[in-house]
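So the protein sequences, as listed, match chains Y and V. According to this note's numbering, the first sequence is numbered sequentially starting from 76. According to this note's numbering, the second sequence is numbered sequentially starting from 25.
Check the hints yourself; a few may be wrong.
Said to hold, decoys possible - 27 Å max Cα-Cα, derived DSSO-like pairs, lysine-lysine: (1) Y/K111 to V/K311; (2) V/K252 to Y/K111; (3) V/K244 to V/K550; (4) V/K566 to V/K467; (5) Y/K147 to Y/K79; (6) Y/K111 to Y/K79; (7) V/K244 to V/K279; (8) Y/K79 to V/K244; (9) V/K34 to V/K311.
Stated by the list, open to error - Chain V is faced by these chain Y residues, among others (derived, beta-carbon under 10 Å): (10) N114; (11) A118; (12) L127; (13) S128; (14) V133; (15) L135.
Worth flagging that the hints you see were computed from the coordinates, not collected in a lab. Backbone N, C-alpha and C fix where the C-beta goes; we use that ideal spot for every residue, glycine too.
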Amino acid sequence: MEQKILEIVSQIMGVPLQSVTLASSAENIPTWDSLKHMNLVLALEQTFDIHLSEEQIVELTRVDSILTIVGKLVGS
Amino acid sequence: MTLSFADLSKWLREADRSGFRPFRLVVLRNIVVEPLETYLRYGAARLGLDLDVQWGDYDTISSEAVGEVSKWISLDTQAVMVFCHLEGASWGLARQFNSLDRTHQAAERARVVDWTETVVRGIRSKTQAMILWQGFLTPAYPAQGIFDSQTSHGQLGAIRQLNDAVRDALRRTPGAYFVDLDLCRGRVGDRHFYDYRYWHMGRAPFSLEAYEEIASENLKFLRAVVGKAKKCLVLDCDNVLWGGVVGEDGLANLKLGASYPGSTYQEFQQVVLDLHQRGVILALCSKNNEADVREVFGRHPDMILQEAHFAAQRVNWNNKVTNLRELAAELNIGLDSMVFVDDSEFEINLVRSQLPEVETIHIPAAMASRAGHRLLSAGLFDTLTVSAEDARRGQMYREEAIRQHQRAAATDLEGYYRSLDMRLEIGFVDDLSLPRVAQQTQKTNQFNLTTRRYTEADIQAFARREDAAVIFARLRDRFGDSGIVGTCILIFAQGEALIDTFLLSCRALGRGVEDAFLSQSLRLAKARGASAVVGEYYATGKNAQVSDFFASRGFEEIGAGDGGADRRFRLDLSRPVPPEPEYFGGIEAPIPLAAPNRA
Numbered sequence: 076m077e078q079k080i081l082e083i084v085s086q087i088m089g090v091p092l093q094s095v096t097l098a099s100s101a102e103n104i105p106t107w108d109s110l111k112h113m114n115l116v117l118a119l120e121q122t123f124d125i126h127l128s129e130e131q132i133v134e135l136t137r138v139d140s141i142l143t144i145v146g147k148l149v150g151s
Numbered sequence: 025m026t027l028s029f030a031d032l033s034k035w036l037r038e039a040d041r042s043g044f045r046p047f048r049l050v051v052l053r054n055i056v057v058e059p060l061e062t063y064l065r066y067g068a069a070r071l072g073l074d075l076d077v078q079w080g081d082y083d084t085i086s087s088e089a090v091g092e093v094s095k096w097i098s099l100d101t102q103a104v105m106v107f108c109h110l111e112g113a114s115w116g117l118a119r120q121f122n123s124l125d126r127t128h129q130a131a132e133r134a135r136v137v138d139w140t141e142t143v144v145r146g147i148r149s150k151t152q153a154m155i156l157w158q159g160f161l162t163p164a165y166p167a168q169g170i171f172d173s174q175t176s177h178g179q180l181g182a183i184r185q186l187n188d189a190v191r192d193a194l195r196r197t198p199g200a201y202f203v204d205l206d207l208c209r210g211r212v213g214d215r216h217f218y219d220y221r222y223w224h225m226g227r228a229p230f231s232l233e234a235y236e237e238i239a240s241e242n243l244k245f246l247r248a249v250v251g252k253a254k255k256c257l258v259l260d261c262d263n264v265l266w267g268g269v270v271g272e273d274g275l276a277n278l279k280l281g282a283s284y285p286g287s288t289y290q291e292f293q294q295v296v297l298d299l300h301q302r303g304v305i306l307a308l309c310s311k312n313n314e315a316d317v318r319e320v321f322g323r324h325p326d327m328i329l330q331e332a333h334f335a336a337q338r339v340n341w342n343n344k345v346t347n348l349r350e351l352a353a354e355l356n357i358g359l360d361s362m363v364f365v366d367d368s369e370f371e372i373n374l375v376r377s378q379l380p381e382v383e384t385i386h387i388p389a390a391m392a393s394r395a396g397h398r399l400l401s402a403g404l405f406d407t408l409t410v411s412a413e414d415a416r417r418g419q420m421y422r423e424e425a426i427r428q429h430q431r432a433a434a435t436d437l438e439g440y441y442r443s444l445d446m447r448l449e450i451g452f453v454d455d456l457s458l459p460r461v462a463q464q465t466q467k468t469n470q471f472n473l474t475t476r477r478y479t480e481a482d483i484q485a486f487a488r489r490e491d492a493a494v495i496f497a498r499l500r501d502r503f504g505d506s507g508i509v510g511t512c513i514l515i516f517a518q519g520e521a522l523i524d525t526f527l528l529s530c531r532a533l534g535r536g537v538e539d540a541f542l543s544q545s546l547r548l549a550k551a552r553g554a555s556a557v558v559g560e561y562y563a564t565g566k567n568a569q570v571s572d573f574f575a576s577r578g579f580e581e582i583g584a585g586d587g588g589a590d591r592r593f594r595l596d597l598s599r600p601v602p603p604e605p606e607y608f609g610g611i612e613a614p615i616p617l618a619a620p621n622r623a
């Protein structure tokens with residue numbers, strides 16, 4: 076799942092896959108703006124067949140937190 | 025099978041789109057709909073277009089459209105989409121409906137319609153681009169609950185009347201179209217269409233499913249305007265038109281009729297007939313004994329489709345690839361104008377691999393009940409207008425088949441032409457002919473010297489220019505009326521006339537109509553004082569048959585020039601115009617086109 080999340084972040088933000096790590100976030104990926112953030116949320120939901128709450132959406136601005144939140148939803 | 029949003033984003037970044045035609049789209053909006061871009065660009069790529077999407081700033085519809093300068097709309101914009109969410113146009117109608125009395129409701133509607141007209145006029149003053157106005161959505165839970173639907177002046181009624189008035193306003197503007205978002209919403213379903221989280225967080229109302237459907241609906245308009253609408257539906261017989269295999273099961277055991285499972289096939293036949301009646305050419309391509317299929321058409325009481333609806337057929341045991349090639353040649357249309365429907369995965373894959381330009385639709389037996397929707401959903405055959413010609417097209421192709429038959433029997437070709445009693449009417453484009461003339465530029469591929477695609481608005485702009493003329497040719501003969509079959513656009517500059525467009529519908533080819541129409545066009549150029557005519561040829565891969573057209577009509581080749589044409593030709597008009605073929609029963613043209621020079 077980690078690999079799939081890294082791929083989606085790379086695809087949506089338009090940055091090379093090797094540059095995306097667990098430490099990547101809206102702070103250090105310049106293309107990660109609010110519109111791309113929405114695309115990211117929609118892509119994650121579609122790919123993993125999950126539904127994110129508004130609170131979770133706001134927290135999803137780091138790759139490591141994406142992994143935690145998506146992991147919890149997929150596992151449950 | 026369908027690609028996910030993330031896959032599409034990746035594909036768009038990586039796919040090689042060199043050789044694709046650039047297409048510039050501007051989106052004006054008072055909501056956030058950016059995820060639409062991914063679906064639009066992917067769908068456009070499948071039409072051979074490299075779509076460039078310019079996003080107008082949030083909530084700047086008025087200033088972009090009406091302001092003196094637009095940041096995004098320019099002369100080379102090819103389409104403008106307008107997303108106006110009702111809340112942004114009228115908070116009252118959208119959110120405070122019950123606080124408005126009827127007078128206020130009417131006033132609000134009138135205000136929004138006025139505003140819409142101003143916006144559309146503003147866009148039109150800046151560009152001739154196609155305008156795609158996204159209609160207002162009706163609410164899932166109208167303001168007056170179940171009572172709302174009991175009268176025509178509830179919230180639903182008010183929004184429907186608003187959409188009707190907007191539609192009327194758009195109809196008065198050539199090249200402006202109403203995109204019915206309520207249709208999209210209905211297909212996806214309310215619960216899946218909206219995403220209320222992002223509505224409140226970022227004024228983005230729609231779900232991914234909604235974006236995909238909205239993109240698909242808008243892409244139908246793009247397909248039509250760039251001339252990629254399909255023309256011919258080629259159908260397999262067994263397990264497509266009826267359930268079962270006629271050669272094995274026998275006529276009496278076929279599934280076809282009013283009750284299940286025959287009803288699914290009957291319903292599909294009705295969908296096909298509807299397409300035929302709006303101008304789609306039908307053909308059969310089936311591995312069967314011809315006599316068996318003929319017997320079904322002739323004797324089965326529940327057949328909706330009749331043999332006469334089909335312009336051509338290949339019912340034999342040959343390879344379907346060969347059959348499709350032959351059908352295209354017989355009907356004089358390109359393979360890329362064809363849609364092939366079959367229940368066999370083998371046949372579908374064979375055609376996909378050997379004839380990738382043919383659009384294929386696989387309908388496995390388990391999908392028979394949804395076959396009609398499957399055929400209609402992509403809007404492959406959709407056109408921007410349905411003209412009188414369209415309704416008659418099937419009949420015109422049958423008339424053509426009779427002509428071909430008689431022609432094959434005739435020993436003296438000129439005598440045969442004379443016996444057709446062909447009558448050609450040449451006219452300047454007017455309100456009535458405008459839709460068909462624009463449609464011809466959008467759809468004609470083979471006998472088309474320059475293949476320039478024009479919207480109704482473009483044609484109207486040419487017609488208004490003092491230095492340009494748009495004429496059409498209408499053909500009738502003793503078998504019937506072929507309608508408008510030719511379009512020519514002349515542009516006058518520096519004492520010469522440039523043939524911007526010269527095209528003929530394939531159903532009028534091969535009987536001298538091209539010569540008569542060219543002579544008439546030259547007469548017009550001469551009457552307008554041109555000393556010479558310049559003709560161009562742009563090769564498209566489909567119009568090789570007209571590569572030598574001008575050269576073979578006495579034009580002199582003058583080199584390609586630097587305007588992008590592959591070949592250019594010139595004809596001195598100080599000499600007499602070549603006469604129209606003598607075997608026409610009559611050629612009528614308005615003044616000042618000048619009468620034909622034979623007595």
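How the hints compare with the structure:
1. Y/K111 to V/K311: Violated, at about 51 Å.
2. V/K252 to Y/K111: The given pair, whose Cα atoms are some 32 Å apart, is violated under the 27 Å limit.
3. V/K244 to V/K550: Distance of about 41 Å is beyond 27 Å: violated.
4. V/K566 to V/K467: Given that 27 Å is the threshold and the Cα spacing comes to 12 Å, the pair holds.
5. Y/K147 to Y/K79: holds, 15 Å
6. Y/K111 to Y/K79: holds, 17 Å
7. V/K244 to V/K279: Since the Cα atoms of V/K244 and V/K279 sit roughly 34 Å apart, the hinted pair is violated (cutoff 27 Å).
8. Y/K79 to V/K244: violated, 33 Å
9. V/K34 to V/K311: violated, 41 Å
10. N114: holds, 6 Å
11. A118: This hint holds: Y/A118 lies near chain V, its Cβ roughly 4 Å from the closest one there, short of 10 Å.
12. L127: holds, 8 Å
13. S128: Y/S128 check passes; min Cβ-Cβ to chain V is 8 Å, inside 10 Å.
14. V133: holds, 8 Å
15. L135: Where the cut-off is 10 Å and the nearest Cβ of chain V is about 12 Å from Y/L135, the hint is violated.
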